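2 protein chains.
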Amino acid sequence: MERKPNDTKSLAIAAARSLVIDMTNKAKSGHPGMALDVAPAMVALFQDHLVADPKHPDWVNRDRFVLSSGHVSALLYATLHLAGYDLSMDDLKSFRQLGSKTPGHPEYKETPGVDATSGPLGQGIAQAVGMAMAEEAIRAQYPGADGVFGHYTYCLCGDGCLQEGISQEAISLAGHHRLSRLILLCDLNGATLDGPTSDAFSENLRLRFLASEWNVLEVKDGNDVNAISKAISKAKKQDGYPTAILIHSVIGYGAPKQGSHKTHGSPLGEADGSQAKSVYGYPYPDFTVPDEVYSQFANTFGKRGEAAYRRYQATFQDFQAKELKEAQRYLDAFEGNFVDAVVNYPAFDSEKAESTRSLSGKCLKALHDAIPCTFGGSADVAGSTLTNIEGEPMFDILSRQGRDVHWGIREFAMAACCNGIALHGGLLPYASCFLVFSDYMKPAIRMAALQSLPVAYLFTHDSIAVGEDGPTHQPIEHLAMLRSVPNLEVVRPADYVETIGAYENIRLERNHPTALVLTRQNVAPVGGNSVEGARKGGYLAYKPKGATHLILATGSEVALCVKIAKALNENGSPVAVASLPSVSRFLSQSEKYVNSVLFLPRDKRISVEMASTFGWASLAKHNIGIDGFGASGKAGDVIASYGFDEEGLRKKVEEILRLG
Amino acid sequence: MERKPNDTKSLAIAAARSLVIDMTNKAKSGHPGMALDVAPAMVALFQDHLVADPKHPDWVNRDRFVLSSGHVSALLYATLHLAGYDLSMDDLKSFRQLGSKTPGHPEYKETPGVDATSGPLGQGIAQAVGMAMAEEAIRAQYPGADGVFGHYTYCLCGDGCLQEGISQEAISLAGHHRLSRLILLCDLNGATLDGPTSDAFSENLRLRFLASEWNVLEVKDGNDVNAISKAISKAKKQDGYPTAILIHSVIGYGAPKQGSHKTHGSPLGEADGSQAKSVYGYPYPDFTVPDEVYSQFANTFGKRGEAAYRRYQATFQDFQAKELKEAQRYLDAFEGNFVDAVVNYPAFDSEKAESTRSLSGKCLKALHDAIPCTFGGSADVAGSTLTNIEGEPMFDILSRQGRDVHWGIREFAMAACCNGIALHGGLLPYASCFLVFSDYMKPAIRMAALQSLPVAYLFTHDSIAVGEDGPTHQPIEHLAMLRSVPNLEVVRPADYVETIGAYENIRLERNHPTALVLTRQNVAPVGGNSVEGARKGGYLAYKPKGATHLILATGSEVALCVKIAKALNENGSPVAVASLPSVSRFLSQSEKYVNSVLFLPRDKRISVEMASTFGWASLAKHNIGIDGFGASGKAGDVIASYGFDEEGLRKKVEEILRLG
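Chains Y and D supply the protein sequences, listed in that same order. For the first sequence, the residue numbers in the numbering used here are 78 to 737. For the second sequence, the residue numbers in the numbering used here are 78 to 737.
Quick caveat, the hints were computed from the structure, so don't treat them as lab data. There could be a bad hint or two in this list.
As a list, the in silico DSS-like pairs of lysine-lysine whose alpha-carbon atoms are at most 25 angstroms apart [claimed, not checked]:
1) D:711 / Y:103
2) D:311 / Y:711
3) Y:698 / D:698
In this text the structure is predicted, and so the values were computed from the model without any measurement.
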């Protein structure tokens with residue numbers, strides 16, 4: 078019989094590590110390196126601190142935990158298993174197998190206890206920051222619910238996450254907002270995939286966190302579980318600043334190659350695995366855990382969570398008894414149920430040309446007034462995206478109830494934090510900037526789509542009509558980029574009616590992200606359209622008798638196309654116009670409806686969009702757009718030079734009509 | 078007569094400021110705020126320090142200057158005009174007009190003296206870091222040219238750039254690499270577009286720079302031109318670290334609304350402009366500069382640059398005389414002329430299945446050996462993207478001649494620095510990571526395409542065949558995203574022949590960026606193809622007699638489609654296969670050639686790509702692909718579950734054939 082650890086906690090750590098070895102060995106895939114070194118931190122967190130109830134993994138008041146270094150998934154699954162979540166030993170044995178509950182990286186909704194999908198480095202930290210912001214905001218938004226709501230947000234990251242720029246944006250935001258209930262465990266094992274961290278990184282992390290107004294604690298020995306636990310205790314008592322706990326560890330601890338980056342990305346194999354287990358003093362067969370480990374988790378994590386859940390239920394019932402309406406509002410907010418909200422979109426002038434950014438601003442204000450848990454803002458261009466809500470205080474250390482978020486010039490963190498806010502629940506997050514800078518947000522937009530999160534992006538300045546700011550600020554390929562993301566709805570409304578339609582869909586459908594794409598310049602109303610039609614994603618805007626061609630247009634081009642089509646019709650060339658604010662939604666309607674709008678065959682259809690034509694050929698043979706970069710100049714001059722003024726566009730259409 | 082400044086330098090600053098007011102007023106557009114406050118820094122830099130010759134703006138050994146806050150363009154143009162560049166007063170008067178040399182944001186190659194396109198915040202810093210890396214590398218790569226080459230790189234940024242995460246990645250890299258010839262002027266005017274900087278930002282920047290091993294200097298009064306100049310002098314003497322000079326200024330200095338973010342984005346107008354000019358003591362009519370200002374620039378900046386240019390010519394001639402071949406290598410490198418390089422791509426086994434990442438690695442090595450100025454690496458996944466060059470030292474403070482760059486886990490900075498390296502010239506930059514993380518690089522890839530920079534991206538792990546790592550690591554929409562970027566060539570080679578073709582195009586065409594998209598898994602060779610065909614971007618890979626349908630495939634699907642087509646042909650269903658490694662290149666061939674490959678009409682064509690079908694409809698009516706997210710599992714299982722194994726794919730094709 079080999080040496081066993083002296084105490085059950087050490088045995089639990091050994092069990093977690095051994096499971097990691099077994100899981101990655103069996104899968105012949107995975108990343109044991111960091112999972113092995115960070116096991117003590119994970120056990121300390123779960124056994125001594127984390128408040129969550131494995132029987133109610135979706136309980137809204139649980140502590141949140143984000144594994145930013147998603148490649149450490151094996152350790153997370155092992156820990157969740159030990160901690161009593163609905164994750165069996167068989168689930169662990171099917172690690173990284175198709176259809177299992179234990180995929181390669183943590184996936185939200187695939188595994189009980191997994192609070193966020195992670196993997197793309199750095200974004201987990203931002204998701205955690207978003208959760209911590211949500212926690213602060215919600216606590217402030219229900220003053221009558223004092224004592225009901227309140228939890229910590231924990232995040233575990235490695236050196237890799239901290240090298241990504243998004244980490245700095247998120248760290249900076251967390252410090253600025255003094256998110257003292259945010260605790261970031263930084264596992265610094267000195268190795269990344271390609272070698273020692275020092276090959277590419279020589280930051281003084283303590284200083285960097287201090288520079289962003291964080292509290293910094295340090296644990297010199299990543300195996301010192303008590304030191305880690307004490308540091309977390311200390312961090313929880315912090316009432317001024319978020320805390321980073323820098324934990325110095327040895328990658329692949331216990332493995333013959335420990336300390337080397339070579340343990341990062343490949344299973345240890347049988348021999349090295351056995352050797353490691355003997356270092357841990359873990360004499361059990363593969364996938365075997367002694368009962369005392371389960372008992373210990375049950376007696377610590379399990380009991381604490383169960384009691385907390387029970388306590389929460391009691392305080393919540395008090396809240397309900399005291400303030401029924403407020404309690405219902407709270408429940409609706411967490412369920413994302415805004416069906417009954419009465420949104421008073423202001424009346425509009427059906428004659429007046431107005432920018433869709435301005436119309437969007439009015440809708441946002443109406444939504445804000447009707448749904449008191451909207452929460453968002455802009456990456457420092459609120460004055461241009463018109464997302465300022467008059468009278469709404471800024472979310473701030475001094476006004477936690479404020480729902481207007483000043484994200485600063487941090488588009489990526491804005492989007493990734495919004496993912497965290499949506500994951501957290503209880504708020505309706507939105508984010509705004511110029512469409513061209515959706516580039517900066519793309520990695521987080523993808524994560525929103527992958528996690529089916531109801532985040533709204535309000536992108537303005539949507540074409541070369543931006544004018545003077547020139548090609549760096551003029552979107553061309555961005556509509557294509559966004560439309561190609563699965564599960565992301567892209568809406569480019571043409572007028573107020575369509576903008577309201579988009580907002581209504583955002584309010585009523587809480588199962589996917591939506592990108593609203595809005596003009597800077599004024600556009601004329603389409604005329605004769607309805608919110609109902611707009612909400613279908615596409616409809617016929619103009620259909621003269623005997624139309625030989627059908628124009629498919631979006632946004633700023635719709636009214637212009639209708640105007641041109643009317644003129645053409647008067648000249649004996651009847652051309653119809655369909656407005657397609659949301660192509661994906663339109664195509665998801667019944668075949669009958671789709672065919673009624675696309676009433677002419679593809680080779681008689683002409684797409685018109687002041688952007689890249691990429692992607693339009695599926696709907697129309699003829700594609701009018703811009704497949705090069707823009708230019709700086711007066712908006713009118715630029716538009717004309719690309720042939721998107723009335724005359725230029727009419728000529729392009731006529732040319733296509735001539736060719737048949 | 079109003080009060081005038083006491084000295085010519087102050088008058089020059091007043092002139093620059095007044096020109097900014099005149100330019101933005103005349104254009105009724107632009108961003109005077111920061112331009113007004115940062116004018117003293119700009120004048121100090123140009124008059125006292127910057128070494129560049131306005132008569133030879135492309136001189137390879139000039140100091141580089143990147144205006145990271147591109148919205149300050151008016152000040153840059155005004156300064157370039159005063160400094161003697163080919164930029165007339167009329168050019169300044171046509172600021173932000175279509176076709177002018179003075180576009181809204183600085184654009185590389187549009188204006189003499191503009192070293193980089195800028196505007197998207199934060200990226201300018203990274204471009205400057207890339208330039209400074211290039212400077213260090215080139216100095217080390219030509220030991221015989223001692224004294225010929227060597228310059229400083231200056232960058233001017235504002236609070237905004239420093240909020241973007243990319244800035245931290247770039248700052249971290251610069252500190253790690255001890256780029257002591259990099260000097261970053263940080264204009265801290267305490268305001269951004271939406272309000273005071275403090276609304277969203279409370280970092281201690283001094284600490285943050287120190288944390289990344291920078292030298293930090295501070296100038297308390299942004300109007301103290303001598304203090305700024307002294308700080309730059311001090312920074313130039315630094316021999317250990319890059320220097321950040323934190324300059325505290327007042328936004329919109331001189332304007333009635335100075336100190337307010339309201340001066341940021343709108344011209345002052347006549348009245349406020351006049352008032353500001355009287356604060357500066359500048360009594361001249363609009364667009365008027367007294368001769369003494371021009372003279373002073375000519376006597377300082379002009380003379381210094383001319384002398385330096387002359388000195389350089391002399392030392393370069395010595396170098397040529399001493400080492401003719403080395404001097405020619407240097408010239409070729411700066412011209413991007415690698416036509417005569419003899420690249421020994423190793424022989425290959427036409428029977429052996431091999432991953433295209435592995436084949437790419439062999440080509441990269443061959444290119445590296447043939448062209449001694451390749452310079453690049455990976456964002457910490459070199460072991461997976463197979464971009465390690467055996468025996469090549471790492472670029473480092475200890476080995477500046479090393480051409481293997483460890484970018485760390487900083488994809489965005491990697492790409493943006495590569496832009497800086499390409500802008501600098503003298504090196505052939507490449508960058509590598511997993512295709513899915515091209516998301517992180519998108520903003521910089523766009524900037525490469527916009528600037529027509531010859532950067533090569535080596536993206537591996539290009540599909541769901543990644544397997545176990547799951548949907549966060551499986552690209553779906555990324556090919557569409559990249560193909561929609563104007564001026565970016567996207568190549569997804571099918572085998573070694575096509576990979577060589579791609580590398581040959583990269584070597585020989587130095588006028589656009591290229592993204593190579595490569596498999597993780599082994600793929601069989603197409604068979605019977607040629608590098609010549611591959612270099613055309615598309616060719617027929619299999620054409621049975623009487624083919625009724627034509628499959629268009631790329632990368633890992635080509636050999637599989639040929640196999641399936643052969644089997645179908647044996648069963649009496651002749652289907653041809655075209656391989657289209659580079660769709661954009663293929664479509665740029667002669668109509669005759671394109672038609673010879675696409676020899677059947679569109680409705681008889683079937684695109685096959687293990688990725689989003691978005692964008693394929695322009696070439697084929699039938700599109701086989703994956704329009705949702707991937708899944709974690711064994712690669713074979715995942716591939717089969719999406720119907721991309723041989724059987725699944727054959728069935729999909731047969732179904733299409735059945736429908737006619």
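(request) May I ask which of the numbered hints given earlier this structure violates, with the numbers listed in increasing order? (result) Of the numbered hints, just 2 does not hold.
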